[in-house]
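J.: Build the full structure now, drawing on both the sequences and the hints.
Same order as they appear, the protein sequences are chains X and V. Numbering follows the working numbering, with no gaps: position 24 of the first sequence is 24. Numbering follows the working numbering, with no gaps: position 123 of the second sequence is 123.
Because the hints were derived from the structure by calculation, they are not lab data. None of the values given here were measured: they were computed from a predicted structure. Cβ coordinates follow ideal geometry from the N, Cα and C atoms, glycine included. Fair warning: there could be bad hints in the mix.
[Claimed, not checked] Computed far set for chain X versus chain V, every beta-carbon distance over 12 Å:
| id | residue |
| --- | --- |
| 1 | Ala-74 |
| 2 | Ala-81 |
| 3 | Glu-85 |
| 4 | His-88 |
| 5 | Val-125 |
| 6 | Lys-126 |
| 7 | Arg-132 |
| 8 | Gly-147 |
| 9 | Asp-205 |
| 10 | Leu-236 |
| 11 | Asn-239 |
| 12 | Pro-247 |
| 13 | Gly-278 |
| 14 | Pro-288 |
| 15 | Glu-291 |
| 16 | Glu-320 |
[To be verified] Stretches of chain V that chain X covers, calculated by requiring three or more beta carbons in the stretch to come under 8 Å of a beta carbon on chain X:
| id | region |
| --- | --- |
| 17 | 24-37 |
| 18 | 55-68 |
| 19 | 136-147 |
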Amino acid sequence: MTDSPRRSDLQGVPSAGPQLTRRGFLRKSAAGAAGTAALVAAVSPLRQLDTDDLPSIERFFQKHYKEMTPEDKAAVLERVAREVEARHDVDVKIDDPQPLQGVEYVYGLSISRCIGCRRCVHACVKENNQSRSPEIQYIRVLKMPKGTIDVEKAEHHYDPPTVPDHASFYMPVQCHQCKNPPCVKVCPVEATWQEPDGITVIDYDWCIGCRYCEAACPYWARRFNFAEPNLPTEELNPNMAYLSNRPRRKGVMEKCTFCLHRVREGRMPACVEVCPTGSRKFGNVLDPNSEVGYILRHKRIFVLKQEVGTLPRFFYYFDERGGRFHDPVTQNPREGGT
Amino acid sequence: MTRYVTFLWQCVRLSFVGGWRYHLWMTVLTLLALLGLHAYCDQLVHGLITTGMSDQVSWGLYIANFTYLVGLAAAAAMLVIPVYIYRNMHLHDVVIFGELLAVAVIIMCLLFVTVDLGRPDRVLHLFRRFNFPISMLTWDVIALNGYLLLNLHICGYLLYCAYLRRPPSKAFYIPFVFIAIVWAVSIHTVTAFLYVGLGGRPFWNSAIIAPRFLASAFAAGPAFIILTLQIVRRYTNHQVSDEALLTLRRIVQVAMLINIFLLGCELFTEFYADSAHIASARYLYFGLHGYSSLVPWIWTAVGMNLLALAILILPASRGLGVLNLACVLSIIGIWVEKGMGLIVPAFVPTPLGEIVEYAPTLHEIFICIGIWAFGLLLYTIFVRISVPVLAGDISYAALYGESTTPGNSADFKESIHVS
Numbered sequence: 001m002t003d004s005p006r007r008s009d010l011q012g013v014p015s016a017g018p019q020l021t022r023r024g025f026l027r028k029s030a031a032g033a034a035g036t037a038a039l040v041a042a043v044s045p046l047r048q049l050d051t052d053d054l055p056s057i058e059r060f061f062q063k064h065y066k067e068m069t070p071e072d073k074a075a076v077l078e079r080v081a082r083e084v085e086a087r088h089d090v091d092v093k094i095d096d097p098q099p100l101q102g103v104e105y106v107y108g109l110s111i112s113r114c115i116g117c118r119r120c121v122h123a124c125v126k127e128n129n130q131s132r133s134p135e136i137q138y139i140r141v142l143k144m145p146k147g148t149i150d151v152e153k154a155e156h157h158y159d160p161p162t163v164p165d166h167a168s169f170y171m172p173v174q175c176h177q178c179k180n181p182p183c184v185k186v187c188p189v190e191a192t193w194q195e196p197d198g199i200t201v202i203d204y205d206w207c208i209g210c211r212y213c214e215a216a217c218p219y220w221a222r223r224f225n226f227a228e229p230n231l232p233t234e235e236l237n238p239n240m241a242y243l244s245n246r247p248r249r250k251g252v253m254e255k256c257t258f259c260l261h262r263v264r265e266g267r268m269p270a271c272v273e274v275c276p277t278g279s280r281k282f283g284n285v286l287d288p289n290s291e292v293g294y295i296l297r298h299k300r301i302f303v304l305k306q307e308v309g310t311l312p313r314f315f316y317y318f319d320e321r322g323g324r325f326h327d328p329v330t331q332n333p334r335e336g337g338t
Numbered sequence: 001m002t003r004y005v006t007f008l009w010q011c012v013r014l015s016f017v018g019g020w021r022y023h024l025w026m027t028v029l030t031l032l033a034l035l036g037l038h039a040y041c042d043q044l045v046h047g048l049i050t051t052g053m054s055d056q057v058s059w060g061l062y063i064a065n066f067t068y069l070v071g072l073a074a075a076a077a078m079l080v081i082p083v084y085i086y087r088n089m090h091l092h093d094v095v096i097f098g099e100l101l102a103v104a105v106i107i108m109c110l111l112f113v114t115v116d117l118g119r120p121d122r123v124l125h126l127f128r129r130f131n132f133p134i135s136m137l138t139w140d141v142i143a144l145n146g147y148l149l150l151n152l153h154i155c156g157y158l159l160y161c162a163y164l165r166r167p168p169s170k171a172f173y174i175p176f177v178f179i180a181i182v183w184a185v186s187i188h189t190v191t192a193f194l195y196v197g198l199g200g201r202p203f204w205n206s207a208i209i210a211p212r213f214l215a216s217a218f219a220a221g222p223a224f225i226i227l228t229l230q231i232v233r234r235y236t237n238h239q240v241s242d243e244a245l246l247t248l249r250r251i252v253q254v255a256m257l258i259n260i261f262l263l264g265c266e267l268f269t270e271f272y273a274d275s276a277h278i279a280s281a282r283y284l285y286f287g288l289h290g291y292s293s294l295v296p297w298i299w300t301a302v303g304m305n306l307l308a309l310a311i312l313i314l315p316a317s318r319g320l321g322v323l324n325l326a327c328v329l330s331i332i333g334i335w336v337e338k339g340m341g342l343i344v345p346a347f348v349p350t351p352l353g354e355i356v357e358y359a360p361t362l363h364e365i366f367i368c369i370g371i372w373a374f375g376l377l378l379y380t381i382f383v384r385i386s387v388p389v390l391a392g393d394i395s396y397a398a399l400y401g402e403s404t405t406p407g408n409s410a411d412f413k414e415s416i417h418v419s
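T.: Written as structure tokens, this is what we have:
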């Protein structure tokens, strides 16, 4: 059996030296040429690679945000601004506002008042320079049937001519800025971390795009740039910060940062500002006079998925008075009024 | 040093030498690998949008293949353990094929992780800020690369010694063999912990995942090795005894039995308790709210595994043809179960209760085929090189006419026996 011709196919024939015949040479050259051509054809899509995707030396060796000296940071901010300006042809301001001393941000959302209009969603997209196509939204508003807070009963893509629907209530979900964030724990390169004011941020220049944080988040609060973000110049928000709303590139994670470029300058997040019903409350929980502190002390509140132990800084509360569900309702809401 | 260079040169040369079947096989694999490379270049340009993944289902076919292949690599331990711990010498001559398989497969694993990254250009960041020991992904990086190095060392050293016809020094490889055994278990455990540690994903948040991984790996891996050994002994003159194959059969048999038992345990816990957390399991096995794209897959997988088990338990599988059938069933059944059945359903429904189904795109499938072809290419080359080197047909003395150390290939074969 050992000497069947099939077996001898694979026997190594020790060759003493080069014994290249003319025919052998031609055959080997042809094989080599065909192989090279196939390889070139295989990598040919790389010709379309955006020059911005090819990291320049300075971008390739850029340090992690936390390791940058003030000079490094100034240089990086300047370079990022230059890149955005080159792409969009507008003047932009990119800052790096630092967390304020003695501040821990907390977000409250009134379940009784939210009417599900989704203005917060669109204000957020605009404020934070998210990709428009495919659109990336940080806030997801769930339409829930009354009588349950089980998210599996929620409707995500409701689209009636008017809101609210009185048979339902609305539960907007966004990043909960957890005190014990699973997303930060799992990141292999520390591209995401929690700031002293409680905001979890991402260094978009450090993220390797493994999407482990997205898998770890129990609130589905992280979004990945599967495609190159598409942001029309006329819709660009030119007030930017390094860790929040500067334009992102494809292949990195992004998320809600409580609009840190606004709140660290004493303003409210865009979603709070735009909410027509005042359902959204935001503030420093360490300040005894803050509205969020008052709500936490006096209202009935709940946090979503308490059982996963992430300790959210985002909570839901109920309004005994002034909620839309206490307004006179002409029809019996369970029998199909809008 | 010169001797080592000639060894490397012989490795390169041998991988291009062979009959027309060998060349045809290698050409087909190369073309498939290039097809995958082409699809990957396209993905690099346009982003992961070319895949079927989404924010809802953020890991798909790549990670599924990765998970399966980690198990295949771990299975090399299942050849080493009988030989080095239980002194079962039937497998002795084929251990190296298991370890070479581990090398090829770990390289495939690393490629699958790389193609899954959105920014592969930033992998260097792992060397500059490594979230160890907090992130399980960093554990996995260490486990996989460590295992790769261990197996490269063991195989490379043994082959090089065979090339020099020098008895290998035990101190230089036996300790690594034992480390590699423990390490093999660890690569699969760490990979399981990658998923198990996520509290927000109830489908994965179960202690049984790691043992199930190991059980299914120790069935699929040796099954794969049985098939490759059949090919090796058919097309080369390397001696593979029937006893070796039957020892492996017993391993597959027991591992498959444990795998099915653990599956039963898992199904019981999920469905008898019937808590709110079984949405993913229900989606996988029965469909949820009218969405059921995984249902045919998982039942096919369960059916194949059960059938494989039945065949393996019957004495008929002592016949090698029937055994091959059982192996093919186990390999495919476990691939579907570990791939589509473990990774994808954890994302359906999302943590916010939305149901978005996942289906891989053609791009994604091409990339996967490309990586599989590349892995098979590597493995073919490894086997191609190691058969004549181990047989003593290719050696430094024979090629360059110098005697390096006293001894001959018979001595070499003797010397790597542990006694």
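J.: Evaluate each hint against the coordinates.
T.: Cross-check of the supplied hints:
no.: 1; hint: Ala-74; in the structure: 21 Å, holds
no.: 2; hint: Ala-81; in the structure: 21 Å, holds
no.: 3; hint: Glu-85; in the structure: 23 Å, holds
no.: 4; hint: His-88; in the structure: 20 Å, holds
no.: 5; hint: Val-125; in the structure: 14 Å, holds
no.: 6; hint: Lys-126; in the structure: 19 Å, holds
no.: 7; hint: Arg-132; in the structure: 14 Å, holds
no.: 8; hint: Gly-147; in the structure: 15 Å, holds
no.: 9; hint: Asp-205; in the structure: 8 Å, violated
no.: 10; hint: Leu-236; in the structure: 21 Å, holds
no.: 11; hint: Asn-239; in the structure: 26 Å, holds
no.: 12; hint: Pro-247; in the structure: 15 Å, holds
no.: 13; hint: Gly-278; in the structure: 24 Å, holds
no.: 14; hint: Pro-288; in the structure: 33 Å, holds
no.: 15; hint: Glu-291; in the structure: 27 Å, holds
no.: 16; hint: Glu-320; in the structure: 27 Å, holds
no.: 17; hint: 24-37; in the structure: holds (count 5)
no.: 18; hint: 55-68; in the structure: holds (count 4)
no.: 19; hint: 136-147; in the structure: holds (count 4)
The structure shown violates just one earlier hint, number 9.
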